[in-house]
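Number of protein chains: 2
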Amino acid sequence: MSVLHQIKPAPSVNPVERLMAATAEDMARVNALILDRARSHVDMVPELARYLIDSGGKRLRPMLTVAAAQLFGQSQGHAVNFAAAVEFMHNATLLHDDVVDESDMRRGKPAARMVWGNKASILVGDFLLGQAFMMMVETGNVAALGVLSSASAVMAEGEVFQLAKTGDLNTSAEDYAEVIRAKTAVLFEAACRVGAMSGGADASGCDALGRYGLELGNAFQLVDDALDYGGQSGTLGKNVGDDLREGKMTLPVILALQAASDSEKAIIAAALGKADATDLEVHQVVAIFGKYDTLNRTLAKAHEHAAAAIAALAGLPDSEMKTILADVVEHSVGRAS
Amino acid sequence: MSVLHQIKPAPSVNPVERLMAATAEDMARVNALILDRARSHVDMVPELARYLIDSGGKRLRPMLTVAAAQLFGQSQGHAVNFAAAVEFMHNATLLHDDVVDESDMRRGKPAARMVWGNKASILVGDFLLGQAFMMMVETGNVAALGVLSSASAVMAEGEVFQLAKTGDLNTSAEDYAEVIRAKTAVLFEAACRVGAMSGGADASGCDALGRYGLELGNAFQLVDDALDYGGQSGTLGKNVGDDLREGKMTLPVILALQAASDSEKAIIAAALGKADATDLEVHQVVAIFGKYDTLNRTLAKAHEHAAAAIAALAGLPDSEMKTILADVVEHSVGRAS
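Which chain is which? The protein sequence lines are V and C, in order.
Position one of the first sequence corresponds to residue 16 (the working numbering), numbered consecutively onward.
Position one of the second sequence corresponds to residue 16 (the working numbering), numbered consecutively onward.
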């Protein structure tokens, strides 16, 4: 951890930047491994994979893996492999999600499927998943392999569940909780848990980090789903209402439908899943959200999960990394205010 | 192997049926595991998965896994898990391939994507892949996990390579050999190799079965690619010419382009990748194949690989199962004559 002491930043710095600084040395290894394993004699594979992987994502998930390993004192072992595998799993999911959601943009530039097509996006996603498993297998850590392979199946199951619930006005808050747990939180959980495992944590340490990751992931997705409608302020901007146009049953919609009058329900139902819904139609729906305070109620739920994430760390010895991990949670729910 | 002696069929019986009889007891366990692991609280997952899995495929790949384990005397261990995992990997590939190839039919009925849509097919494929890895991980056999995860990445890479070469008139016979090795033969190789590993084979036994699977897979795909144009006879029937309409650069086309006159090349090029090519256009292309004997030359190549598959078994002790495995090779190349 010597590097930490050299570059220890002031606490006022953005917590994600502090996490980046604290994991910079390990992440350099992770990034080298990612580049190496995206190689292929088939040119389209690294071209497409690197287009996505290099497109400016923060690599939060692999950072959490090496951070969790560091927290328990050992990040030079298998954590680097697991971190790269987690990032490949995440990117494979993004490639397939963009095909499934027919998304045009990803991280501010055209989605890979708009450049190389749906077919290549599906197949390169499969390639990244296969490479992820190879990197995990190389560690020989069967318990960690179990955590990650289970996450892989649960994530796909969550995506199918979300697809099945698309536009379903009877979707419950419990259904939604299951969708975000499966499609988002479980990978955060796995990323943190295998980091702790490879860092030498005991069972209670692994459970603490797993719980931290799960709750952070839940909070993260709730905030994303509120931000899709402009966040707390409900301010309309670019891409606001994408989830509405895709018919995604997120918590702001579900809570609104539970409280709305019949005429309000009709307004929501008409816009939900309407790909060419106008900004005015989106605005009308967000106005109903405002009446029933559903964006704030969604964010309040995110804050509950954030508190649970921080509480999960309570039993661990105090350290700089523990503070950073707690602050990252606060920061991630603060995005929407 | 007591069940074998009870039901030992006459050698004249179809070798695949003899393989089915010899592996029936283990395959009952494999099939039960397949049904169990296709379950999900998300209804669409087992519905779609079982629609495909129960659709009358012969389950040749998992049969090879348990047969390879039996060959070395031990099929009660991890072979059942590996066999089910191999079948899940294969079915995940079929789901994604049908989306990529825009196929309407699979095994004589509407493709899953025609019933549940492309989106569900992509995501359930991902689910099956995740479940496959979970079943492998449960064995704790890291070496076998390495074989199967590597196969998974290579298969996807092969599919991307095939996609990149679609309609490319300069595709060489070497390119084609690489495509069929990666997209088909490597899973046969892995299926046989992990079967041998879980059956207790030593390194040379594992290598022999791996080589057997690889060569059988190559022969199998060459025959499929000749059959797509009617096989040796070049007889046109239902679905003949699908590969041509999809622009797939298979060996019959590649060999024809190498030998054809400019006007013949123009006829092939015009039909290649033309989704609505008429039967007459396909017939004109097959006539050019006939002139240069490319279907027979493709089948001759299949016979070379078949001979190599049988030769791979030569060093192993004689047994009923060894005879069946050799006869299965002969049978699979005999399909096209």
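Simulated from the structure, these hints should not be mistaken for lab results.
Misleading hints may appear alongside valid ones.
Any copy, or any two copies together, can satisfy a pair, since identical chains are not distinguished.
Straight-line alpha carbon distances no greater than 16 Å define the calculated EDC-like cross-link-like pairs of lysine to aspartate or glutamate that follow [what the hints assert, rightly or not]:
1) 306 <-> 183
2) 134 <-> 261
3) 306 <-> 345
4) 73 <-> 193
5) 306 <-> 116
6) 306 <-> 342
7) 280 <-> 296
Predicted, not measured: the structure shown is a model, and the values here were computed from it.
Okay, the hints, checked on the actual structure:
Taking CA atoms no more than 16 Å apart as the test, residue 306 paired with residue 183 passes in neither setting, with 22 Å inside one copy and 59 Å between copies. In this assembly of identical chains, residue 134 and residue 261 lie within 16 Å of each other by CA distance solely across copies; the values are 13 Å between and 21 Å within a copy. Within a single copy, residue 306 and residue 345 get their C-alpha atoms no closer than 27 Å, and across copies no closer than 73 Å, so neither meets the 16 Å cut-off. Neither within a single protomer nor between protomers do residue 73 and residue 193 lie at most 16 Å apart by alpha-carbon distance, with minima of 25 Å and 36 Å respectively.
In the homo-oligomer, the alpha carbons of residue 306 and residue 116 never lie at most 16 Å apart, since the shortest distance is 29 Å inside one protomer and 48 Å across protomers. Proximity of residue 306 and residue 342 under a CA criterion of 16 Å is satisfied in neither setting, with 32 Å inside one chain copy and 74 Å between copies. In this assembly of identical chains, the alpha carbons of residue 280 and residue 296 lie at most 16 Å apart only when taken from the same copy (13 Å versus 55 Å across copies).
Against the hints set out earlier in the document, violations occur for numbers 1, 3, 4, 5, 6.
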